[in-house]
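**Q** Respectively, the protein sequence lines represent chains W and Z.
Going by the working numbering, the first sequence opens with residue 1, and the numbers climb by one from there.
Going by the working numbering, the second sequence opens with residue 1, and the numbers climb by one from there.
Careful: at least some of the hints might be erroneous.
To be verified - Subject to a maximum C-alpha distance of 16 Å in a straight line, what follows is the list of computed EDC-like cross-link-like pairs (lysine to aspartate or glutamate):
1) W:K19 to Z:D276
2) Z:K43 to Z:E24
3) Z:K43 to Z:E105
4) Z:K180 to W:D270
5) Z:K180 to W:D67
6) Z:K10 to Z:E105
7) W:K19 to Z:E61
8) W:K229 to W:E28
9) Z:K179 to W:D67
10) Z:K199 to Z:D155
11) W:K27 to W:D231
12) Z:K12 to Z:D60
13) W:K292 to Z:D171
14) Z:K12 to Z:E61
15) Z:K206 to Z:D269
16) Z:K69 to Z:E54
17) Z:K253 to W:D67
18) Z:K199 to Z:E297
19) W:K240 to W:D224
20) Z:K179 to Z:D192
21) Z:K206 to Z:D171
22) Z:K160 to Z:E295
23) Z:K307 to W:E28
24) Z:K12 to Z:E105
25) W:K31 to W:E225
26) Z:K307 to W:E13
27) Z:K12 to Z:E48
28) Z:K179 to W:D270
29) Z:K199 to Z:D171
30) Z:K88 to Z:E65
It should be emphasised that the hints constitute simulated quantities derived from the structure, not laboratory data.
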Amino acid sequence: MNALFQQVYDFVEERIGLKTLEAKLMKEPIKGGSRWAYVFGSVLLFIFIMQAITGMLLMFYYIPSADHAYASTQFIIHEVDYGWYILSYHFWGSSAMVVMVFAHMSQVFLWGAYKKPREMVWLVGLALFGLVMAFGFTGYLLPWDQRAYWATTVGVEIMDKTPVIGDFLARFLKGGPTPGQMTLSRFFVIHVMILPGALMGLAGLHLFLFRSAGPAGPFRGTPDELKAKTDFFFPRQVWKDIMAMGVVFLIISTLALIEPVQLLEQATPDPGDYHPEPEWYFLFLFQLLRWKVFSGEFGQFLGAIAIPGLFMLLLVALPFIDRNPERNIFKRPIALLCWAVVMIGITVLTVSAILNREFLD
Amino acid sequence: MMEHMGLQPKIKSTVRCLDGPIGEVSHVIADPLTLEVSHIVVKSNGTERQVPVETIRSADENTVELSCKSAQVPEFPAFVRADFLSSKEVEIPHLEDRIHAEPGEIFVPFPELERSCARRTFFTGFTTLMGVLIGFPFVWPVLQYVMKPMYAPFDNRWWKIGNTSKIKQEDIGVQFTFKKSFRDSVLQREEDKNNWVVKASPATLKQIYQHGDITFTDNVGNVVWVNRATVPYVAYSGKCPHLGCGYKWRSHKTRGQVFLCPCHLSIYDVAGTVLDGPAPRPLDVLPIKISPAGEIEVIDIEFKAGKREQVRIA
């Protein structure tokens, strides 16, 4: 058996240079050594692969039509063996993805790893962040229940407020003036074809750029100290990565088990007793739009488009504005303060949106 | 390591002619098809010359012996860098696996056809042009294809939504839901739609009709219907003018009975006026017809949310 394996290995090696490939993939020296702080990127890749697998499995039964989407989702939950688990894993996996994206971006920000020569890694990373949010938004409609319908209705109305292209964008996404079958078809194809394709391409580019620039390493330590602790990507970092993936897998599975997906009523333009609300990771934006300062046509543009847009632009410009090579976060008080303000802001808005629920009933 | 028949002269080896040393091997030139060394580049008195491998009599670790005399060496063609490409500048699979030339370089001849700059520019331009010619005719059909349903004409049908007998009191919001069946793509679907009807007191009516009769138009601006203050019933679209959620009739702790949207907490009075919250305009009044028997009919118009002015979209 070993001999056969060796023969196959040699066959491939002769043609594509497996050893070089292996060396390139696994023997990347990590300055200052492997760390738990570096697991987020790998964990994101793992979550994405699991989302792709569970997503493909869901498509075995899901029917993307306005009169069958809801029923077929219920069928997955209630009749297909372990359908509830696959769907709930996919659902909680999307939340895990968002949490992990925030963790990954925070780590890169705090470590100053977006700075020269890693600007392009950061830029492609931001595009990937956008894709993850788009995944969440488009996937949310597919079960075609009330939660899905209203999150989409409001979300698309928000995009409609983009200057110049807003109306076109909203109609393009809805496939008409109002949400219906065309909306479901479009969200479906965006969610299962366009976004995964874009994500795979950009994630590949992200990794390529990261490997080209090399890992940033710790922000403290003399070159000699860093050299002394340097190890390869494999095995110590891979071991930490796979441990983190295991933990994430356990958490998502546990959430799927104790809090499986349950649908509301089928989607319809009458909300009944349901108080529309987006998925938790959009709650801060939702709560922001309740503020009096963001009232009226202009206020709404400010809150829904201008502020999030400027924030994203600021992130894009970040490596070009912040050209100080200092990476130690404790010597970058403004950066630390900004990060804290954003995180606290998002937390406070999210919590107040949750507290607001009580006053509505 | 791969088996390999070809000659592998060592860089920096001393090159000896029949009558003595003349210089050293600085680079090698490979045949890009056979991946074998065709020439060695011999550096002698500051000049580099291409010496064919056939001239090599023998080679060991440190020395390459040539089968010619040193007087013949100047007859070998000079090595002109521009006539060659380094293995770093071209993609020739396995070339570097086969031949090792460190600390020198492996060169392959610069293909004759690749030297004309003018043709390179022409081909670049031509390739771009062809790309555009292929892509351009595709743009319009694709755009039309995806835009097909985006600008559907307005639906001006009247819908029976219920009877006024359901409304017991003036100036309160009463929800009327009805089944709207319609063709959606190839599906025949039915949706629950939701409107609010108010039996307006004279004061409320005055507030609603403060700018006179309310006119509704179709896509091209033709008047479809006019609501007049003589009808005391007012129907509001169930869609919140803020961002399109469904609002409700609720009692508010300080404002009494109001229309309240649970999404972003816009509050409207019974006349649809914004009392609080982020909404940019009052509730949208719909065309309404009341039959002598009290049957309420509306045109289920939809306006774009989030605009100060009403923009009809359906």
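**Q** Run every hint past the structure and note whether it holds.
**A** Checked hints:
no.: 1; hint: W:K19 to Z:D276; in the structure: violated (68 Å)
no.: 2; hint: Z:K43 to Z:E24; in the structure: holds (5 Å)
no.: 3; hint: Z:K43 to Z:E105; in the structure: holds (13 Å)
no.: 4; hint: Z:K180 to W:D270; in the structure: holds (11 Å)
no.: 5; hint: Z:K180 to W:D67; in the structure: holds (14 Å)
no.: 6; hint: Z:K10 to Z:E105; in the structure: holds (11 Å)
no.: 7; hint: W:K19 to Z:E61; in the structure: violated (28 Å)
no.: 8; hint: W:K229 to W:E28; in the structure: holds (14 Å)
no.: 9; hint: Z:K179 to W:D67; in the structure: holds (15 Å)
no.: 10; hint: Z:K199 to Z:D155; in the structure: violated (26 Å)
no.: 11; hint: W:K27 to W:D231; in the structure: holds (9 Å)
no.: 12; hint: Z:K12 to Z:D60; in the structure: holds (12 Å)
no.: 13; hint: W:K292 to Z:D171; in the structure: violated (27 Å)
no.: 14; hint: Z:K12 to Z:E61; in the structure: holds (10 Å)
no.: 15; hint: Z:K206 to Z:D269; in the structure: holds (14 Å)
no.: 16; hint: Z:K69 to Z:E54; in the structure: holds (14 Å)
no.: 17; hint: Z:K253 to W:D67; in the structure: violated (41 Å)
no.: 18; hint: Z:K199 to Z:E297; in the structure: holds (14 Å)
no.: 19; hint: W:K240 to W:D224; in the structure: violated (24 Å)
no.: 20; hint: Z:K179 to Z:D192; in the structure: holds (5 Å)
no.: 21; hint: Z:K206 to Z:D171; in the structure: holds (12 Å)
no.: 22; hint: Z:K160 to Z:E295; in the structure: holds (7 Å)
no.: 23; hint: Z:K307 to W:E28; in the structure: violated (55 Å)
no.: 24; hint: Z:K12 to Z:E105; in the structure: holds (12 Å)
no.: 25; hint: W:K31 to W:E225; in the structure: holds (9 Å)
no.: 26; hint: Z:K307 to W:E13; in the structure: violated (64 Å)
no.: 27; hint: Z:K12 to Z:E48; in the structure: holds (13 Å)
no.: 28; hint: Z:K179 to W:D270; in the structure: holds (10 Å)
no.: 29; hint: Z:K199 to Z:D171; in the structure: holds (6 Å)
no.: 30; hint: Z:K88 to Z:E65; in the structure: violated (29 Å)
In summary, the numbered hints that this structure violates are 1, 7, 10, 13, 17, 19, 23, 26, 30.
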